[in-house]
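Novice: We have chain A; now place chain B onto it with these hints.
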Amino acid sequence: MKTIVKGALLFAGIISASATWAIGTPAGTKITNTAVATFDDPATGTTGVTTSDAAELTVLELISVNVTAENVTPVTTNAGDTAQVLTYTVTNTGNGSEAFALDATNLAGDQFDAENIKVYVDTDGDGVFSAGDQLLTSGSSINLDANSSNPAKTIFVVVDIPAGATTIGDTAKIQLEATSDTPGASTAAPGDLLVGEGTGVSDAVVGNNVTDTASATFTIGAEPTTASVNISKTIAGRVDPFGGTTDVPGTVVTYQIDVEVVGGDVDNLVITDAIPTNMTYVAGTLTLDAAAQTDADDVTDNSNVTAGAVTVTLGTVTSGTSYVIQLQAEIK
Amino acid sequence: MRLLTTLLLLLPLSVFAQVNLNTEVFLVAPVTQADGSVVEEWQDAGTIAPGDKIGYRITYTNTGSEAVSGVVINNPVPENTTYVANSANGQAATITYSVDGELFARMQDLKVDEDGQLRPARAQDINQIRWVLQQAVAAGKSGSVEFKVRVN
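Residue numbers (our numbering), protein chains in the order written: chain A, 1 to 332; chain B, 1 to 152.
Don't take every hint at face value.
[To be verified] Reference excerpt, derived from the structure (chain A facing chain B, CB under 10 angstroms, subset only): (1) D41; (2) A99; (3) A101; (4) I117.
[What the hints assert, rightly or not] The calculated label-pair distances, taken between Cβ atoms and stated as ranges, are: (5) B/Q33 - A/N116: 48 to 58 angstroms; (6) B/Q33 - A/L135: 51 to 61 angstroms; (7) B/V31 - A/G184: 20 to 30 angstroms; (8) A/T137 - B/Q33: 23 to 33 angstroms; (9) B/S37 - A/A79: 28 to 38 angstroms; (10) B/V39 - A/Q134: 43 to 53 angstroms; (11) A/K30 - B/V39: 28 to 38 angstroms; (12) A/D192 - B/E41: 15 to 25 angstroms; (13) B/V39 - A/T123: 42 to 52 angstroms; (14) A/N208 - B/Q33: 22 to 32 angstroms; (15) A/T123 - B/Q33: 46 to 56 angstroms; (16) A/D192 - B/S37: 22 to 32 angstroms; (17) A/D192 - B/V39: 16 to 26 angstroms.
To be clear, the hints were calculated from the coordinates, so they are not data collected in a lab. Here a beta-carbon is modelled for each residue, glycine too, at the ideal position from N, C-alpha and C.
If we strip away everything but chain A, and leave its shape as in the complex, we get (with noise of 0.2 angstroms):
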C-alpha cells in the first residue's frame, strides 16, 4: 500500500513518441481485457492477488471508401480530343479486404458530356496512364485490403471529347462512385449488421461511407498553336574581281534569306545571320524585301550589323507572312 501511494505521487512517464494510431483494428481481432486485483489477505496476513476473467470481443469488419480525385483543378481538353485522363484514388477505409463496384459518370450542372467514358485501374502503379494499365469492364470491381502496405489504388477515368465541345471555357464533370459489392451494403444504413458477410470473421458492420464519390472537371481551352518559322539560305549570286563567277578573294558573294511564319503568329522574331570566317560583310548592302536598311543600331529600321553577324528584328509576325533578306560579303 505504501509503495503504491509513493508511486502515485510521482509525476512523470516516459512514452516513446512514435506512438501510431492504426485507421482500423483489422476485421476479426480479438480484444481482451483483464483486470488484477491485489488485496491484504487477512487468512495469511501477506498480499493476495486475483484475476478476472478474460472479457473478449471480436472486431468485426467494418466497411468503408473513400474516392479522391487528384485533379484538384479543371484538366484542359479540346474538342474532338481522344483518351483525355482524370485521376482518382479509392482508398478502403475500413478494415478487412473488400470490393469495390466503380462507376464513372457525366454529372449535370456542366456545359457537354464527354463520351466513350472508361474506367482503368492503375496495374503498374506508377500513377500514370499506360497502355498496360487495365480496363475495368462494367460491373466488375477492384479489391482492396485495409490491412495491406497500400489500401488504395490509383483509377483512371478515361473520356472522349466530343467534337462540337469547341466552346473555350466549356466544362464536363465525371463523377467517380465506389460501392462495397457485399451484399445488402449499398442500401444498408450506417451501423447496420450485414450477418455472414465478414471478410476473415463472421459479419461486417456498414461505416458512414459505405459509397463515396469525388468529381472533377475537363475544361476546354484555346487550340494549341503550333507556329513555326521556316528559313533558309541560299547563294543569290557572286562576281569575281574579273566579272566572272568564280570564288576567289575578292569576289562578292549575295546571299538570300528567306523567312516564312506558318501555322500561328509569333512574337519576337529576330533573324541573326553570321558572317562566315574569311568574309567580310560589304557596308550597306543588307536590304529587307528589296528595302534597303541602315547598317546602324538605330531607330530607322531594326536591323544592325555587327563585325561578325547580321540582325534583323522582326518583331510580332502573323502567320503566313514571309520576308526576304539580302547581303553581300567579301572572299578575303
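Specialist: Showing chain B alone in chain A's frame:
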C-alpha cells in the same frame, strides 16, 4: 483456527483468494430518448467495429468471511483500443493512471516525454488504470469500477 489450517491443507490454492473479480463488457451507444435527449446506454456488446465505444465494468466481491483491506485493482487498457478521457469511475476509489505501466499518478500530474519535450499526458497515452479502494470491503460485499475505451 485449527479448522482453517485443515482447510488450507486440503483445498487448492485458489480458495484462499478472498476477493473475486468479474469483468463485464458492454457496447456504449448513444440512444435518443423519448424526450429527444441523447443518453449513452451500456448495451450487450454483441458486435463491435472500429470506432465503437466499449465499456468495461469490473465487479469485486469479498467472498471470504473477513473484511479485506488494501484492495487495488489494476486494468491495462486493452490492445487496439484507446482510453476515453475521464471515463474511469469507482465509488470511494482513488483513480490513478500510467502511461508506462510502472509509474501511476493522477491524470493532471502525468507527463509524457515526446521528442525530448515534456507535455501533459493525454487520454490516448494511458495504458493502465488503477483503482485504490479507500475503505475495506466487508465480508460478502461487492462493488464495481468501470472505464470506457474506443476501438481503434
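Novice: Which hint numbers does the structure go against, in order from smallest to largest?
Specialist: 2, 3, 4, 8 and 9
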